[in-house]
Each structure stands twice: as structure tokens, then as C-alpha cells.
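4 protein chains.
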Amino acid sequence: MVIILKNNATQENIDNIKNHLIDFGFQVHESKGVQKTILGAIGVQPDFDTRKIRILEGVADVYRITAPFKLASRDFKEENTIIKIKDVEIGGSKLVLMSGPCSIESEEQIFRLAETVAKSGARILRGGAFKPRTSPYSFQGMGEVGLKLLRAAADKFNLLAITEVMQISQIEVIEKYTDIFQLGARNMQNFALLKELGQTKKPVMLKRGLSATIEEWLMSAEYILASGNPNVILCERGIRTFETYTRNTFDLSAIPVVHKKSHLPVIADPSHATGINDQVPPMARAAVAAGADGLMIEIHYDPEHALSDGPQALLPEQYLELVEELRVIARAIRKDI
Amino acid sequence: MVIILKNNATQENIDNIKNHLIDFGFQVHESKGVQKTILGAIGVQPDFDTRKIRILEGVADVYRITAPFKLASRDFKEENTIIKIKDVEIGGSKLVLMSGPCSIESEEQIFRLAETVAKSGARILRGGAFKPRTSPYSFQGMGEVGLKLLRAAADKFNLLAITEVMQISQIEVIEKYTDIFQLGARNMQNFALLKELGQTKKPVMLKRGLSATIEEWLMSAEYILASGNPNVILCERGIRTFETYTRNTFDLSAIPVVHKKSHLPVIADPSHATGINDQVPPMARAAVAAGADGLMIEIHYDPEHALSDGPQALLPEQYLELVEELRVIARAIRKDI
Amino acid sequence: MVIILKNNATQENIDNIKNHLIDFGFQVHESKGVQKTILGAIGVQPDFDTRKIRILEGVADVYRITAPFKLASRDFKEENTIIKIKDVEIGGSKLVLMSGPCSIESEEQIFRLAETVAKSGARILRGGAFKPRTSPYSFQGMGEVGLKLLRAAADKFNLLAITEVMQISQIEVIEKYTDIFQLGARNMQNFALLKELGQTKKPVMLKRGLSATIEEWLMSAEYILASGNPNVILCERGIRTFETYTRNTFDLSAIPVVHKKSHLPVIADPSHATGINDQVPPMARAAVAAGADGLMIEIHYDPEHALSDGPQALLPEQYLELVEELRVIARAIRKDI
Amino acid sequence: MVIILKNNATQENIDNIKNHLIDFGFQVHESKGVQKTILGAIGVQPDFDTRKIRILEGVADVYRITAPFKLASRDFKEENTIIKIKDVEIGGSKLVLMSGPCSIESEEQIFRLAETVAKSGARILRGGAFKPRTSPYSFQGMGEVGLKLLRAAADKFNLLAITEVMQISQIEVIEKYTDIFQLGARNMQNFALLKELGQTKKPVMLKRGLSATIEEWLMSAEYILASGNPNVILCERGIRTFETYTRNTFDLSAIPVVHKKSHLPVIADPSHATGINDQVPPMARAAVAAGADGLMIEIHYDPEHALSDGPQALLPEQYLELVEELRVIARAIRKDI
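Residue numbers (the numbering used here), protein chains in the order written: chain C, 1 to 337; chain R, 1 to 337; chain H, 1 to 337; chain A, 1 to 337.
Bound conformation, chain C alone (with noise of 0.2 Å):
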């Protein structure tokens, strides 16, 4: 932590500020410039608030120099993680795709799609049971019943299952039929239940809240992996911003950026982050380029009567024409699908 001081400090508001540091465990440096006194502050604790010391007299700002998480940096595990579930490894060398229904809502409606999932080459399939739905009014997801015809679709045709929780009543149902824990983006700062799922064995995708900065999503995953499960994959699906036209702002930027600052491996979600299907091969293409390490892709035969976010759900055929131009872009930065 480095501490500005003001012009006009005087030596009995350095001494206090210095007191108040060697009191809250900080060894302290202190450099006399021309302009500026500055005051550095070694042994920061991750939830250290600077603003203890930013309310002293005397002192013009503060800055943290380590970032608030640590498990989660690049810094403390330099090489990249790779998830390994049964034989499908996300965070290699291999573009991941986990595809499927917004919701699961039927026995026929979840093996078709499986059907065309394994037919592109994806080997993930997706489907929510327990719907987080901003009205009251809408359908909230078949839920038990739904979760055993995804785990049968998916073993069928030999994919994996992703599927939301949304509380941790739910965590040990979810459990027993899924093979990844999925987080939405509203519960991101759900502390509860990062710790929860902290404490299973089964890998957890976190999505990034509607306004997290990357700094918090990046918190967030240090609550999941400081509870115990080192098994953490970040997912991108657009932040909220003033642009009306389209329903969030996919920030693909987020992705080399996570790569520079974690290990953790980073998904990329078109579907939810354009809310529109014609907009989702463009945003897939463009995520694959800036280098995600896999896509989350919705999908469904008859969208306009799907029960919840058709419009944003490719067609099958749609579907398997844009996974043979993730293909192509893949291999140009030297992935495979």
C-alpha cells in the first residue's frame, strides 16, 4: 500500500498516520520527495480497507498495490489451469463448446437438441432446470424431473452437463446429475453460496455479474477457491452499459485481460450477451478470435415457443454452419475444436 501525504501534512499527522499503520501490522517506508511525501506500507492483508487510512489527516490518497485476491492470480500459479472432466479438458489447447436449450422442457426437446450438440462436435451440453427470472410471472424450469432427462440426454449421447444453481438447498440435488456447477451472473456476490460451492468436488462456472468489474468477478472466484475447489472457469456474458440497442455489451476485452491477470480458464457466452439471435454467429466468431478458451451457445428447434429466451436460440442448422467457422478461426490462432 502506498500512502500520498499532503502538502501541508505536518509532522504530527505523519507520525499518527505512521502510528495507525505500525498499529494495523505494516512495516512503513518513508520517502521525502520535492513535491511529495510518500509513505509505503508493506504486509497489506487482502481485506485491508484503504479507506482506514485515506480518512487520516494528511494523507491525499492511498493505493493498493497488491490486487485483493491472491488464489486466483497469475501471480501465485503461473501457468495456466486445465480443468480435466472425464476426458473433456477446458483451458487447453481445445476450443470448448458447451451448447443446449436456455431451459430443459421436455423429454423430446433435450435429446433432440443433445442430438445436434454431439453432432457438432460439442461436448458439453447445457440446460437449466431452476430458472433466476426477473418476473414473478414467468416459468421457473422443471427442476428435478428436468435435471434427470439432462443427465440422460447427456449420457446418451456422451456430453457432459452444465446446469445453473441458484441456492444451497439446491446444490445437493444439482449435484447428483450434473458434472459443472453453473453460476449466474445475479448471484456472482452471493458469498453464501460461492462458499457452499467452494466446498464441493465438482467444477464451478462463474459467471461475470451484469456490472462486475473484473477485479470482482475475479473476488469472486477467490471465495470459491479459498473454500477448497480449485476448479473455476469464468464466464463472460456482457455488462450493462448506456447503449440501448443491443442488451448488454458483450466485453470481449475481459478476456486476454483475465488471461493476463489469473490462470483461471475464461468461457464466453454471445447468447446471453446479445439477447438476439442474428447477433449470436458474429459474437461467437469474435469471441473465439480474442482467444476465449470455450462458448456457451444456446439452441432450440422451435424458438418461438421455447419458455424462456427463444429469441436469442440458434436454429440447429444455424448452429452446426457457425461451429464450422469457429473451426476455421480457431485454427488460425492455433486451437481445435
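Fair warning: there could be bad hints in the mix.
[As the list claims (entries may be wrong)] DEER-style ranges, computed between Cβ atoms: (1) Glu-57/C with Ser-227/H: 34 to 40 Å; (2) Lys-260/R with Thr-10/C: 47 to 53 Å; (3) Arg-54/C with Asp-23/A: 55 to 61 Å; (4) Arg-54/R with Arg-331/C: 33 to 39 Å; (5) Lys-148/R with Glu-57/C: 36 to 42 Å; (6) Glu-317/A with Tyr-245/R: 37 to 43 Å; (7) Arg-331/C with Glu-317/A: 21 to 27 Å; (8) Gln-45/R with Gly-25/A: 34 to 40 Å; (9) Asn-16/C with Lys-148/R: 35 to 41 Å; (10) Glu-317/R with Glu-115/H: 46 to 52 Å; (11) Tyr-245/R with Lys-176/A: 39 to 45 Å; (12) Tyr-301/C with Lys-260/H: 57 to 63 Å; (13) Lys-176/A with Arg-331/C: 42 to 48 Å.
Don't read these hints as lab results, they were simulated from the structure.
It should be emphasised that the depicted structure is a prediction, and the values quoted were computed from it without experimental measurement.
For every residue, glycine included, the Cβ atom is placed at its ideal position computed from N, Cα and C.
We have chain C already, so just place chains R, H and A on it with the hints.
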């Protein structure tokens, strides 16, 4: 719902769109202009996803013309909701102050601060026992022990108590000790928790999410109302913007907007909005002048050693002085404390 | 400037960084901690691009520790700048009101409104003659004819006049008729115009850009100050956020922040911030309570037929009633109108 | 325009609203539903301020149902605009590269970099002679001397030249030396400058403002088109959001949206969007994959000593390697460089 057709929409397109609308249960009116053909669809359900129409061939744009919330709207209930708890009214002609420490830290602390709260004329004591923290390494609250202290301190000084609930499993224990549930910004779209709180008998103060639009905030209130609890208090606590000199941007214009769109009372929290004590007094005054039904203000007699958010706490004497200013401003807009 | 080195920075990296710093004219201090090595670079120029150091091998992070503005800073000039124009003081103990129509439309209109302005106790008449319009098809202002009317109306009622300048070629003509130049939000970073206005003798009111940080706003003030004009007035008029129920988000917390960082006076414009007349009174009151040095308020006796921004104008009687409320609030914080 | 009436609107209200609409020149259609009465107003002018109706008694909401821009819209002109300058086409099947230094610094510099540009297969040389700088203390460009060097270097290597114009008084001199005018993000709503550029004969590349919506960006294009210049190129260069790990948020989803709403070509500028060289390659690749018609990329052989924006420049060898990757991605979406 109003559907604007493309200039080049064919009769076949139009028939197809109409058939869809009828299938979805709408009555359809067509209006042909020189420039544009417009379809009016009457009978939209609050949960209808307008993108289902937007993706049809020939559609240029779709506008929902009813708010997606109903019970929370001023249309549904014209007069202000006044929530009466014992002898305190929230949403009436008196400005309500909810004051106290960020976290309950000890018996001495909460009693000492409760005394200050009572002295100021405020009627509600705040204090956190379960703390949502961005960092897994930070103080996480005293739990039930803290709740007991909060209740005892409130009772001694004839105050009501408000405290935050973070997850469903805490509802039962918190309900025993509190008069009002507080739902934090990060849980504004924790829909499972909203529904459960909708089934309790005590009022719920719902904080606006960091990047929530006013519409989404009212949709979250709708969840609680639709689950059976009519006593929802809204709380503005700052939104996230690009500005970095302030922690959040305190959106005071949300106050008159909420009063126009909804019958629910709205409280402002300048402590969390600004995050730094010297900005709390001007923003508290501004919130009263903007027409807030009350304020939530954090206080501490030893901010430097507070276990959470000390830097945004006012000292007791600063707080008492501020309340005197607030009285004058409240009277200027025909309110009282 | 403080440079944080990577944990794995080699001695060669460190030497290279130091050499660069010395080349750039800095004095360098090194501080080796257990966790981190830090370099302090003394003597940074306000225009130094810190990214030049950030891209060097071995650098983890770089922090500028002096504000990039100087003449605008409270550090440079501790006492408030009070701008005196004839018998009006801006930035002193009196709240300054600048009122009038959005656009000057006719002799009758500006004289009638000037009379209302004078009656309210306000001392400055606003009115646009050159209008920046988002649409090329909108009314673009009366030009010099309008300026003459503005001046005549101001003189008749003993008011000062303020009007917007949009481009360098307008400065000369506007200077003849106005007492204060107004620089619009969209021109906040029109650097050529800033420099030219810095060479005039009349005060400049600089509106904050729609997405300008407070720092950038002060940097734009710095342009004017550095070009020789010490009389800069800042004006907060709302920033762009994701919220759609309001036109802009009125950032009232900018007021105390500016007062802390700078010695320049700051005015608030609730008319442009909210864009709709029924929100102007609460936000005007809030701005005064937050400590604004003055307000800019648009009025019109026939808003429906106003040639620009009618919907945000107050009727004369609404305006006069509002000013009475503002007087009470101003007194509550020891100001006067 | 569609006007939604309040549930409690009286017949008198409705008649008054209709009379206003007729006065404003609209044809009115009324549609009475069970829940809502709706008025359709046909014949809206692009500059009509819908708030004029919104403020009338009995109005609940107003929706403009035609875009506020016309000439820029895909509705107005269905086929893509292809801008032909000498033997270069912008907006056609070839991906256009505009590369070169941020600022022209010397004869050696611009010639050396022009050689690299030509070698890569790019056809347009960029270089700034008049520089908009946030700080008044920064390098402000070489002016006409720089323009001459730019022209000479472009001619020697058979390239087109593009350079930024900051104010009306620079148009004449810049027009002599450049093939394309570049209008910077901070001037996107400098309406006077837009109009003047609309009267020149050379194409204008219009950068999106830092907080401009796509609609406003197209409105600014409309200014140029409406003034008589049909050759407008749009350029996405990142928008401002709350994220602080990146300089701007590169809004790549703007590319397919612009292609849907407008016939104008759209270029992407990953150098300014990211502000740091190691993020330029992934974002350049992503922009091509998203369907951009071209890229603007900054290069420099000595970034550390560049007079502006050195840290975002690619070295010549990095740039040449990137272009090879871009070729492969371009082919994947059936484009060529």
C-alpha cells in the same frame, strides 16, 4: 404491445405475425399509415418476452406499452403505501431515520450507538449481524449473538431494529430479532430469497442493485408483493458508473421517479452511496430535499477500528449536527422528522 | 509516480526500468519489501503518459500520485475562487440563479421571461442563440439577432447574460453581448475552443461532458486556466448511465467532490439533467442542499410551443414557487439567494 | 409515434392530446382496448421532441416508432455503401487496413512506418498532425509540416492518407493533403464541424463518441449526409463503462448492429479501444471475426519515445504477424485483405 412493421413487410409476413399474436393470446388491431403499418396487441401478460415477436420476419420494432410490474405500480394503487410498525410510520409525512453501525461489534458498541440514535430523534436502529463481504478474508459478522444485542439495544431505547438477511436459511433466526428485513444490493435479484421474504410477515427494505435499473428494482419488489407481503420499502444506495472519484453515483433522481411510478416508500442511504464520511452530510441533505421518505445513516464512535465500513461512518457529534440540518430541510418541503 | 515491480522481475529488468525513468527526467527511489519491490519516481510532468512505463518488462503496475491538473486544484489555490461580475459574485456565500428559456425565440418571449427571472431574485438571464442539436433537422437558434434581444432584456431588468458558444468563429460576436460564455457538454473536450476561450476576458461556464469523469472535467478547466483566463465556473448537468427512466443521472455527489479537489465554483443544471419539468423542483432543491454555488433553470410560459427543450421548462409560477423553497434550504446550509 | 394514455385519462384529456397532435401536423388514429387506449400519430418529423406530448395531462408514455435518422438508415438505402477512393474500396468484400503512427513525428518516422504499412498489404496510411490531447501540457502535433510528410510518404508507397481534423479552420489545409478526413470521438457531436465536413468532397471517417449510443452516432452521420457528403465511414473505438482494467470497453457488438440499421461501412480501432499494445492483436482479430469492414491500427518502431500513445502501438514485426492472422480470419468469413 405495439408492433411496428418493416416498410417492405409482405402480406404473408403480416398474416404470419398476426397468427402468432393470436396464438399467444392477444387481440390484434391493425393500423396502416402512409409510412408505417402498426399492429396493436392487446392483453399482454407481464411475463411476455417481446423478443418472440421481434424475431419474426417483417417486424421492425416492438414496444411493450404496459410496465412489466403491476402490484408495485402507482396505476394499481394510487395512494402512497404507509407502513406502520408499532408507532412508526414509513412513507407518511414524517422523515424516517434508520441509524447505527455498519456491523454490530460488541454490547458496548451497539448500546452506546443506540443511545445516540435515540437522542437524534431517529426511531430505527440499524446493525449488521451477517455481512456480505467482497473479500472472503474479511469480517463476516457476529451472527445470532449480534442479533440479540441489536434487539436488546433497540428495546432499551424504544427503537425498531433493522438488519440484513443474506440467505434463506437466516430468515427464521433474523425474524425473531428484527422489525424490518433488509435485503442488500447484491441480493436484489436473488429471486429465491425474494419469494421467501414475500412469505414472511415483516416489512422488507429492498436495496437497489449496483447496476439495477429502476424498472428491475420495482420488478424485484413485485416478487415480494406477489408472494404475499405488501410491506416493501425501497432503498437507493448508489449505482455503478464510470466515475472513479466517488465509490458509487448516488442516483437521487430515482426518488421522484419512484414516487411517480410506484406507491412504495423510498429511503436513501448516503453512507453506502458515497463510502466516505465527509460526503455523507451533503448527500444526506440532498436526499431529503429530493423527497426521500427516510434515510439510512451509519455512525460509529471509533471509525478507525470499526470492523467494517468505518470510513463511511459519521461520528456521533457529526451525526447529531447533521440531523439538525435535516430538520430544517425537511420542513422546507413540508415534512418533519 | 509509483512503479510496482513484478515478483519475478530480474535485476536486468529493474535496471532497464530505472534507466528509462532517468531518461524521462525522473529521480528514482527504490524500496525493497518482502513481497514487492517498489520504485518511486519523483518529478512527473502533468502530461507524462504512465503507460510508457507500464509496458516495460518487469512492471506490474504504475500509479500516478499527483493529479494531472494543477491550476484547477485546491492544492494550488486553497481559498475558493469567487468570480465577481458587476455586483454579482459566483462562488461566494450567495446562491446564484441563472434562469431563462432554452432558446431565445422572440423579443416578447425573452422580455417576458427576463421579467420573471428578475422577480425571482435571480441575477443572471440565460438564453441560447446558437443551439447544438442532436438532429440536423432541428431548430438551430436565432444567431446574432437573438443575442441582441438577450442583451436588451438583461439590461432592462438589471441582469447579467449567459449564452452558449459552440465554435471559435462565434466567440467574437457572442463576447459583444454576453457576460459569461457557456460551453456545452458536447464541447467539453473541444480543446481548440477551450484554448480560445482561455484567451478571452470573460468568465466561462464549463459544462461537464455526458461521460466525463470529474478528473477530465477539471482537465478541461485546466486548459482554460492555462491559456490565461482564471474565471472558470463548473456546471454539473447529468451523466450518462444505464438508467432509462431518466434522461441523465444527475451526479450531485460531484458537487462536494469538486469542492474538495478544486477551488472553482460549481453550478448545477437540473433542467438538462432530468429533461422533464416535474423532476426539476426536487432535483433543484437537492442540488442546493448538496452545496451547489448556484443553479441554472429553464423556464417558459408556453412550453408546448417552445422551439427547443420545452418539456423541461418550468412555468413562471412553478419557478417562483420553487425559488421560495430554495431560499429556505439555502438558509439551512448558511447560504442566501 | 404511439401515445399510450393513462387508465384514468378523461375524454377531455384525450381531446386535448388529439388537438395538440393535429396542431403539430400529425394524422391521428385511436385504438381503444380493454386495458389501454392508444393513439397512433402518423407523420412524425425526425426532429420532433416526443416529450412535448409526454408532458400533456393523461399521457402515460410516448414511443417514437421511426428512427430519428433517415439518410443513414438501411430503410432508406438497402444496399451497402461502398466508398471508392482511387483503387481502394471501403465497405466492399475486402477488409481495409488503415495503419501508421498515432502522430507524425519526423520524415524518417513516417517514411519508415509507411514502408511497413505497404509491406503488410494495407492500403491506407494514418498519422495525426493536429492532436486532441486531454492535457494542455501534451504534444499538440506538427501541423501542416506533418501533413506534407504524410502525403509524401503515402504517395511514395502508393497508399491513401487519413488524418484527423479537429476544427473548422483546419479543413482547408487538411483537405489539400488527405484522402479521408478523420473526425475524433470527442468531436462526434461538434455539430458545426459535422456540417462543414458535409460540404467537402472527401470521405469522412466518424469515430463513435466515448459515451455515444449507436443511435447518436448514426445521428451524427446523418448531419454529414444531410449536408451533402454521402461518403461516411463509421469507426468503433471503445466506449466508457465502469471497468477500470481496460481503458475503454471495445463494443464489438456495435458492428453487426450498425450493419443491420445502416448501409454505411464500419471500421474498428483496437488501438484506441484497448490503449495497450498486448491487447491489440486479440481485439483486432475479434473485430474482423465480428464483421468489421476494416481496422485502424497504430504502429511505431520506438513506442517508448513516441510523442503520443506509444504504449498502444505495435512494433512493425508484431503488426506484420498480426496481419497474417487477420487474413486467415477474414477468409473464414469470406472476406479478403
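_Please check whether Tyr-245/R and Lys-176/A have a Cβ separation lying inside 39 to 45 Å._
holds (44 Å)
*Look at the Cβ atoms of Lys-176/A and Arg-331/C and judge whether their distance stays inside 42 to 48 Å.*
holds (46 Å)
*Between Lys-148/R and Glu-57/C, is the Cβ distance one that fits in 36 to 42 Å?*
holds (37 Å)
_Quick check on a hinted range of 37 to 43 Å for Glu-317/A and Tyr-245/R, using CB atoms only._
At roughly 41 Å between Cβ atoms, Tyr-245/R and Glu-317/A fall inside 37 to 43 Å, so the hint holds.
*When you take the CB atoms of Glu-317/R and Glu-115/H, is the distance between them in 46 to 52 Å?*
holds (47 Å)
*Is it true that Lys-260/R and Thr-10/C lie within 47 to 53 Å of each other by Cβ?*
This hint holds: roughly 51 Å between Cβ atoms.
*Return holds or violated for the Cβ distance of Glu-57/C and Ser-227/H against the range 34 to 40 Å.*
Given range 34 to 40 Å: holds, Cβ gap about 36 Å.
*Quick one: are Gln-45/R and Gly-25/A within 34 to 40 Å, going by C-beta?*
With a Cβ separation near 36 Å, Gln-45/R and Gly-25/A satisfy 34 to 40 Å, so the hint holds.
*That 55 to 61 Å hint for Arg-54/C and Asp-23/A (C-beta), does it hold up?*
Check passed, 58 Å falls within 55 to 61 Å.
*Is the hinted range of 57 to 63 Å satisfied by the C-beta distance from Tyr-301/C to Lys-260/H?*
holds (60 Å)
*With respect to the beta-carbon atoms only, verify the hint that Arg-331/C and Glu-317/A lie 21 to 27 Å apart.*
At roughly 22 Å between Cβ atoms, Glu-317/A and Arg-331/C fall inside 21 to 27 Å, so the hint holds.
*Does the Cβ-Cβ separation between Arg-54/R and Arg-331/C fall within 33 to 39 Å?*
Distance hint for Arg-54/R, Arg-331/C holds at roughly 35 Å.
Violated hints are absent here; each numbered hint is respected by the structure.
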